[in-house]
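Per the numbering used here: the sequence shown = residues 27 to 453.
Mixed in with the good hints, there may be bad ones.
As the list claims (entries may be wrong) - Okay, derived cross-link-like pairs now, DSSO-like style, lysine-lysine, Cα gap no bigger than 30 Å in a straight line:
{"#": "1", "residue 1": "Lys119", "residue 2": "Lys253"}
{"#": "2", "residue 1": "Lys189", "residue 2": "Lys119"}
{"#": "3", "residue 1": "Lys347", "residue 2": "Lys119"}
{"#": "4", "residue 1": "Lys189", "residue 2": "Lys253"}
Read the hints as simulated data drawn from the structure, not as lab findings.
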Amino acid sequence: MARIAPCFPRRESRATCAQMLAGLLMELEDKNCWTLAEAAGHPTPDRLQHFLARASWDEQQVTAQAARWAIEHLDDGDPDHAVLIIDETADAKSSTDAAAAARQYSGTLGGVALCQVAVHLAYATPRGHTILDRALYLPASRAADDEHRELAHIPEQTMFATKPQLAGDLLQRAHATGIRAAFVTGDEVYGGRELRTLIRTLLLGYVLAVRSSTTIITHAGRTLAAKDAATLIPAGAWMWLRTGSGTKGTRHYDWAMLAIRPDDTPDEHDPGHAALLIRRHRYTGQMSFYRCWSPHPVPLARLIHVATSRWRIEEDHQLAKQTCGLDAGQVIRWRSWHRWSTMALLAYAFIAVATAYQRQLDGPLAEHLGLVAIAIPELLRQLRGVVIPDPRRDPEHRLTWSIWRRRHQYRARLCHQRWHTYAETTP
């Protein structure tokens, strides 16, 4: 709060921000303006709703300050260890009224569904990882829908942009903020040439997943698909390497690397070193492919480490939704969505940094005592009631809120009935 306090021109906004952050980290059944306001001791949700929709403060400035604060604590002093990760996640919606909500494909939801999709940028080092920034994806159908734009208060300057273009905007914002890393990684959505060229203009390396049909050019000048390039690797060139540990044990894959020609060199830039990284499942033989580039030669183990770092953002998405209500904001307007996500990511950055700090304090002692490294949900349980205040639950306050909810729902029912009566009336 000390770091982001200058972002709020009024004392009331600063106080509301602190109360909302505490509410997002409390143990509540649901997390929305109603439940957070009740937990904070407010008589109605009006203050929080005003904070999200109309209060004077810059949510992007708050996001940038929070990102700087998180990096200061997660940076281990070696920029070569830092990795920026891009990925998207979706939140299911029940109505098309929410800004940018539409029926669209989402891997998070397992198919086509009514949802909002947002692209996120995460930062990872050996100390820990967290989400730094986000961008809401506005589908082309919604961008062209004037009625939806007006109801959701979507700014006039906000036009349709692809997910890779949004990822490029996030990377450029991070670079302008002063965030530095050695590599960028992401899944197949972000493996296109346009984004790869932008990454290189920012003087970053990349390890980006690509489809098996992606065309590559070998150093010998042959043009072929990535899946066909795998046949050029001798049987003895595959390396069996450990890529992490899960609840079921250590994960091992066969890996190989093939030098290729870069096709994304910006004007007046050195061509650097490009490679096709291939991962093969030891039992099924299924392969995954990654286009890689770095300004100087990088060993295979380093590229593998960057490629496997991508899964950290999926962990961040899951934990940010589970602990900080990233997907719980019942907001309709464009600005309200960005402000809710800013508060959720701010709360998650705090708990992610606190967990990294506690792991560093525990050191080898945890393993010596037969303990797994502390996780975010476990540390959050320890902080609730100590650093994070308990929600207000006295009988008088709960009764006041029960009456307010019932009165609000009664008025909403009357409004719906009047509307249906009006709509059914023949002109």
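Open item on the list: Does Lys253 sit within 30 Å of Lys189, going by the straight-line distance between their CA atoms?
Closed with: holds, 25 Å
Open item on the list: Check the hint pairing Lys189 with Lys119 against an upper bound of 30 Å on the C-alpha distance.
Closed with: holds, 20 Å
TODO: Starting from Lys119, check that the Cα of Lys253 is at most 30 Å away, please.
DONE: violated, 38 Å
Task: Hint consistency between Lys347 and Lys119 [alpha-carbon to alpha-carbon, up to 30 Å] - done: holds, 15 Å
When each numbered hint is compared with the structure, a violation occurs for hint 1 only.
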